[in-house]
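Q: Listed below, chain by chain, are the residues.
Number of protein chains: 2
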Amino acid sequence: MNIAIVGLGVIGGSLAKAFTKYTDHFVMGINRTEETAVQALKDGAIHKIASKEDLKDADIVFMCTYPHHIARYVEENGEYFKKGCIVTDVCGIKTEICNILPDICRRFGLEFIGSHPMAGKEQFTYTASEAELFKGASYIIVPCGASETSVETIKNIAMQLGFGMTCVTTAEEHDRMIAFTSQIPHVLACSYVLSPCCPKHVGFSAGSYRDVSRVANINETLWTDLFLSNRKPLITELNVLIDNLTLMRNAIDENDPDKLRELLKASRLIKEGLGEGV
Amino acid sequence: MNIAIVGLGVIGGSLAKAFTKYTDHFVMGINRTEETAVQALKDGAIHKIASKEDLKDADIVFMCTYPHHIARYVEENGEYFKKGCIVTDVCGIKTEICNILPDICRRFGLEFIGSHPMAGKEQFTYTASEAELFKGASYIIVPCGASETSVETIKNIAMQLGFGMTCVTTAEEHDRMIAFTSQIPHVLACSYVLSPCCPKHVGFSAGSYRDVSRVANINETLWTDLFLSNRKPLITELNVLIDNLTLMRNAIDENDPDKLRELLKASRLIKEGLGEGV
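Taken in sequence, the protein lines are chains R and V.
So for the first sequence, my numbering puts the first residue at 1; every next one is plus one.
So for the second sequence, my numbering puts the first residue at 1; every next one is plus one.
Simulated from the structure, these hints should not be mistaken for lab results.
Hints may be right or wrong, so weigh each one.
Since the list can't tell identical chains apart, any single copy or any two copies may satisfy a pair.
[What the hints assert, rightly or not] Restricting the straight-line Cα-Cα distance to at most 30 angstroms, the calculated cross-link-like pairs of lysine-lysine (DSSO-like) are:
| id | residue 1 | residue 2 |
| --- | --- | --- |
| 1 | K265 | K121 |
| 2 | K155 | K200 |
| 3 | K259 | K121 |
| 4 | K83 | K48 |
| 5 | K42 | K121 |
| 6 | K48 | K121 |
| 7 | K135 | K200 |
| 8 | K259 | K200 |
The shape of chain R in the complex, shown without the other chains:
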């Protein structure tokens, strides 16, 4: 197949490198800064620097630019895309993009599928990209009404690129799950280290402190954007967490061993049910 990758940052660049390293697909790269595209060609990450006119040859277009640029790009260049091709993205939050892109694509006879390759780095540029970025990671797919055949095509490509698993879901479920699995641990780590005890922890701490506080070394600009772009699901999950913490707090405050033991047992059973034993 012919693959077009629009935006050769850390994710687009890594996809390009994985495509050329692990598959036989033909890879075209489009990048606003020409210099980066030239470097990618020199690295063998892409087979061709493409213009928008070349989009007519692409069977799949990966939109890897900033989320708010994607809709505008497809609006403005949709006529150049091959009719019936698959357009997908790599955004970490899906509700907004999956509300807008399917309609735009349909107007041009294209098929949109939401993608979230669950890997990343805190550096965003092409220089940080690597073919192995996705090794063993999960590739999440939001079909947005696309045909089963197209969803299968994306699934197969994910496995070819080195992902460990694919996972099909809705945009709403995706965003709530990401709030739980990724955003809550970051809010938590940052809230935890704000305790006046934190600067004095050396000598008193071991693995538990290290694990909870690890991601508090945060890029505050990036994560402010990420949190605010997923406000509703994140607030839902934060409320759930604060409520459960408060239940535990009250059982301790009321010196109620039975209630506390019940709560802790419920937690243990959930972990055991997931096969996540000690």
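Starting from the known structure of chain R, fit chain V onto it as the hints suggest.
A: This is chain V only, laid out in the frame that chain R set:
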């Protein structure tokens, strides 16, 4: 020196094994169940099974029984101890024991020092003990008014046994720090996995989920006791955490990027100040 270890469970047994493996001190063991003491002698973990009459030969007595047995044991057998010897314990919570033991010991002409060897296992019996349990761990000392010489003696012994560092503090500071570094991460892990999202996390999660949820596979009976035995400091820390989480939650809810960025930046600066960069 002559060392007596009263209570050959996982901590007492490991201390005995570390003493006989790494030092030249003479180690006597006292255990309620004779069978365990015999096994320890056979293993070379102790040099002698001691009776209370042998306590007169001990320069340091490590009380490694259940916390609530320690005071009674010293009350009942204090007359057998060598005058001027050091009595210490291994309890993970220090306020209560450090309030009671110094007076009891003083009555018999003994010197009490609180100890918390920061290592452990979820199994409590002698069979789980090992000489390497303390490798690199922190040994916390609460002097309780003991002489500097005696505190130095305990410090030196900790380093001989393989601990990585010693740390001298007060009982109150100790208990607050333990609430922060160890107990809060456990309450947090258990509260976190109670979210309805948790059982569905596979495919959406990576390192952050794993780190925060790890210790939710909890022994609920043990941790109920641990939490309730440190109620006040733990409630203080839980309130601090819930307050900070609520600050973050409100900044997100109010869609206030400046406030949110400030909070996250404060967290990053704390981690950076500790040299705990990415």
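Q: Go through the copies and call it for K135 and K200: within, between, both or neither, with a Cα cutoff of 30 angstroms.
A: The answer is between: 22 angstroms across copies meets 30 angstroms, while 38 angstroms in one copy does not.
Q: Reference check for the pair K259 and K121, CA-CA at most 30 angstroms: within, between, both, or neither?
A: Classified as between; 25 angstroms across copies, 42 angstroms inside a copy.
Q: I want to check one pair: K83 and K48. Are their C-alpha atoms no more than 30 angstroms apart within a copy, between two copies, both, or neither?
A: within (21 angstroms within a copy, 87 angstroms between copies)
Q: Go through the copies and call it for K48 and K121: within, between, both or neither, with a Cα cutoff of 30 angstroms.
A: within (26 angstroms within a copy, 58 angstroms between copies)
Q: Checking an output row: K265 and K121, CA cutoff 30 angstroms. Within, between, both or neither?
A: Between copies only: 19 angstroms across chains, 36 angstroms inside a chain, cut-off 30 angstroms.
Q: Taking 30 angstroms as the upper bound on the Cα-Cα distance, should K42 and K121 be classified as within, between, both, or neither?
A: Within one copy only: 23 angstroms inside a chain, 55 angstroms across chains, cut-off 30 angstroms.
Q: Measure nothing new, just compare the shortest in-copy and cross-copy C-alpha distances for K259 and K200 to 30 angstroms and report within, between, both or neither.
A: between (32 angstroms within a copy, 26 angstroms between copies)
Q: Please work out whether the CA atoms of K155 and K200 approach to 30 angstroms or closer within one copy, between two copies, in both situations, or in neither?
A: The answer is between: 20 angstroms across copies meets 30 angstroms, while 48 angstroms in one copy does not.
When the structure is compared with the earlier hints, no violation turns up for any of them.
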